[in-house]
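**Q** Using the hints provided, position chain B relative to the given structure of chain L.
Protein chains: 2
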Amino acid sequence: IRYAGTHLLIDLWGASKLDDINLIERTLRAGADEAGATILHCHLHHFEPNGGVSGVLVLAESHISIHTWPEASFAALDVFMCGDCDPHKAIPFLQDAFSPNRIDVDEQLRGKDV
Amino acid sequence: IRYAGTHLLIDLWGASKLDDINLIERTLRAGADEAGATILHCHLHHFEPNGGVSGVLVLAESHISIHTWPEASFAALDVFMCGDCDPHKAIPFLQDAFSPNRIDVDEQLRGKDV
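Listed in order, the protein sequences are those of chains L and B. For the first sequence, the working numbering assigns the number 3 to the initial residue and increments by one for each residue that follows. For the second sequence, the working numbering assigns the number 3 to the initial residue and increments by one for each residue that follows.
Next comes chain L alone, as it looks inside the complex (with noise of 0.2 Å):
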């Protein structure tokens, strides 16, 4: 194998609904099947009283995360998946749930030459 999965670091700046628990959860798992994935287990939890969330979705193929801070309209999002799926396809669902301002999207390949 050339590297063990693609690593993508998702910011978004300016963002909206970060504190909707089920928006967020119906938008990981829609990216996640975008991207060929298969989702293993899902957990979100809700913080008070910012409404921020953290969740992970562990997939076959990795895993992805959200941490939400509502109050500064920003969320640091990771998209890690090995094998045949693509994890930029699961940008476009963040793009239509959240309306960011801008999105910042950094790719590491990790495991290059493992």
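Read the hints as simulated data drawn from the structure, not as lab findings. These numbers come from a predicted model, not from an experiment. Be aware that a few hints might be false.
Remember, identical chains collapse to one label, so a pair may be satisfied in a single copy or spanning two.
Stated by the list, open to error - Derived DMTMM-like pairs (lysine to aspartate or glutamate); straight-line CA-CA distance at most 25 Å:
hint	residue 1	residue 2
1	Lys91	Asp106
2	Lys114	Glu50
3	Lys114	Glu73
4	Lys19	Asp106
5	Lys91	Glu50
6	Lys91	Glu73
7	Lys114	Asp21
8	Lys114	Asp98
9	Lys114	Asp86
10	Lys19	Asp115
11	Lys114	Asp22
12	Lys19	Glu73
**A** Below, chain B without anything else, positioned relative to chain L:
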């Protein structure tokens, strides 16, 4: 806040015991504790037949994840913590548990100037 959290991308090379799910759970929990984090949720999945493990700890201060490829003696971890936690303090536990020949650590400040 100057940034939302410190995210360490940690790759272990030439590592052993990467199929030992109990050791992995103990190691991640010990690292989280030492870093000053609060564990909210833990889930690990054991893959067959290669014995690889994918796992996540959801923290009050973000998350820790691990994916192991025992057949390649390779593991990819993320230790992402906000607040007063020091994610670097988890690294010696990885060294002790898995005896890697090499550890690569990439530090990303997520949400800088958020």
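**Q** Now, for every hint given, state plainly whether the structure supports it.
**A** Hint by hint, here is what the structure shows:
Only within a single protomer do Lys91 and Asp106 lie at most 25 Å apart by alpha-carbon distance; the minimum there is 15 Å, versus 28 Å between protomers. For the homomeric pair Lys114 and Glu50, the shortest alpha-carbon distance between copies (23 Å) is at most 25 Å, but the shortest distance inside one copy (40 Å) is not. For the identical chains of this complex, Lys114 and Glu73 are inter-copy neighbours only, at 15 Å across copies versus 37 Å inside a copy, given an alpha-carbon limit of 25 Å. With identical chains, the CA atoms of Lys19 and Asp106 are at most 25 Å apart within one copy only, with a shortest distance of 18 Å there and 36 Å across copies.
For the identical chains of this complex, Lys91 and Glu50 are neighbours neither inside a copy (31 Å) nor across copies (27 Å), given an alpha-carbon limit of 25 Å. Proximity of Lys91 to Glu73 under the C-alpha cut-off of 25 Å is found in neither arrangement, the shortest distances being 27 Å within a copy and 29 Å between copies. In the homo-oligomer, the alpha carbons of Lys114 and Asp21 lie at most 25 Å apart only across protomers (21 Å), although the nearest pairing inside one protomer, at 36 Å, exceeds that limit. For the homomeric pair Lys114 and Asp98, the shortest alpha-carbon distance between copies (24 Å) is at most 25 Å, but the shortest distance inside one copy (32 Å) is not.
In the homo-oligomer, the alpha carbons of Lys114 and Asp86 lie at most 25 Å apart inside one protomer (16 Å), although the nearest pairing across protomers, at 32 Å, exceeds that limit. Proximity of Lys19 and Asp115 under a CA criterion of 25 Å is satisfied inter-copy only: 21 Å between copies versus 40 Å inside one chain copy. For a Cα distance limit of 25 Å, the shortest separation of Lys114 from Asp22 across copies, 23 Å, qualifies, whereas the shortest one inside one copy, 36 Å, does not. With identical chains, the CA atoms of Lys19 and Glu73 are at most 25 Å apart within one copy only, with a shortest distance of 11 Å there and 42 Å across copies.
The structure fails to meet hints 5, 6 from the earlier list, while all remaining hints are met.
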